[in-house]
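Note that the sequence shown covers residues 3 to 169 in the working numbering.
Treat the hints as calculated values from the structure; they're not laboratory data.
Small disclaimer: the values here were computed from a predicted structure and weren't measured.
Ideal Cβ positions, reconstructed from N, Cα and C, are used throughout, including at glycine.
One thing to keep in mind: the hints can contain errors.
Stated by the list, open to error - Taking lysine-lysine and the DSS-like style, the derived pairs with C-alpha atoms no more than 25 Å apart in a straight line are: (1) 69 to 100; (2) 44 to 110; (3) 135 to 7; (4) 75 to 110; (5) 35 to 7.
To be verified - Restraint ranges, calculated between C-beta atoms of paired labels, are given here: (6) 96 to 142: 34 to 40 Å; (7) 64 to 150: 35 to 41 Å; (8) 31 to 94: 20 to 26 Å; (9) 63 to 19: 37 to 43 Å.
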Amino acid sequence: MNTLKYLIGYSTTVTQQVQKLIDNDKLAEVLLKKYPVAHNIKTDKALYTYTVDMKNQYLRQSNPLSKVIYDDKIDVLHQALGLHTFVSRVQGGNLKAKNEIRIGAVFKNAPLEFLRMIVVHELAHLREKQHNKAFYKLCEYMEPDYPQLEFDMRLYLTCLELVGKLY
3 MNTLKYLIGY STTVTQQVQK LIDNDKLAEV LLKKYPVAHN IKTDKALYTY TVDMKNQYLR
63 QSNPLSKVIY DDKIDVLHQA LGLHTFVSRV QGGNLKAKNE IRIGAVFKNA PLEFLRMIVV
123 HELAHLREKQ HNKAFYKLCE YMEPDYPQLE FDMRLYLTCL ELVGKLY
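Work the whole structure out from these sequences, hints included.
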């Protein structure tokens, strides 16, 4: 049995069902049936526009984003799919703050639903720094299907690790 590192914390029943799909070479088929195409947001500029549009729709009162980019240095193996950083600097007598979001480059060729889930997750950090109940409630406000998309994205990462590129 493979170690399903992206599914740690899920019940034995769930991991056994996933393992059965893997053993029968059906995991990629199931994912491709549910998410048949990859998105077309390939550049940092397009990602920035996509993210800012979503921020303006759901989090208008939050501080602006200074940068949103794909980052090939983010390592999904170390539990990071995206990063939200908040930098404060003193310039003269003023305090300048910058919010930056970096999305793992693995999501350049993923279904739009997974990219949206990661963007929602990072945008939620604008208001809630910790992964607490309020954080997940905010994620579900922006994306009602957030818990299912997070699970499916974990299946996607497992599949990528086993078979390589899907799209």
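Tested hints:
1. The straight-line distance between the Cα atoms of residue 69 and residue 100 is roughly 8 Å, inside the 25 Å bound, and the hint therefore holds.
2. For the proposed pair residue 44 and residue 110, the alpha carbon gap of about 6 Å is at most 25 Å, so the pair holds.
3. Between residue 135 and residue 7 the CA atoms are separated by roughly 24 Å; this keeps the pair inside 25 Å, and the hint holds.
4. A C-alpha spacing of about 13 Å is found between residue 75 and residue 110, which places the hinted pair at or below 25 Å, so the restraint holds.
5. Between residue 35 and residue 7 the alpha-carbon distance is near 23 Å, which keeps this suggested pair within the 25 Å criterion.
6. For the pair residue 96 and residue 142, the beta carbons lie near 36 Å from each other, so the given range of 34 to 40 Å is met.
7. Remark: the range hint 35 to 41 Å for residue 64 to residue 150 is contradicted by a beta-carbon distance near 25 Å.
8. For the hinted restraint 20 to 26 Å between residue 31 and residue 94, the CB-CB distance of approximately 59 Å leaves it violated.
9. Look at residue 63 against residue 19: about 42 Å separates their beta carbons, and that is inside 37 to 43 Å.
In this structure, the hints that do not hold are numbers 7, 8, in rising order.
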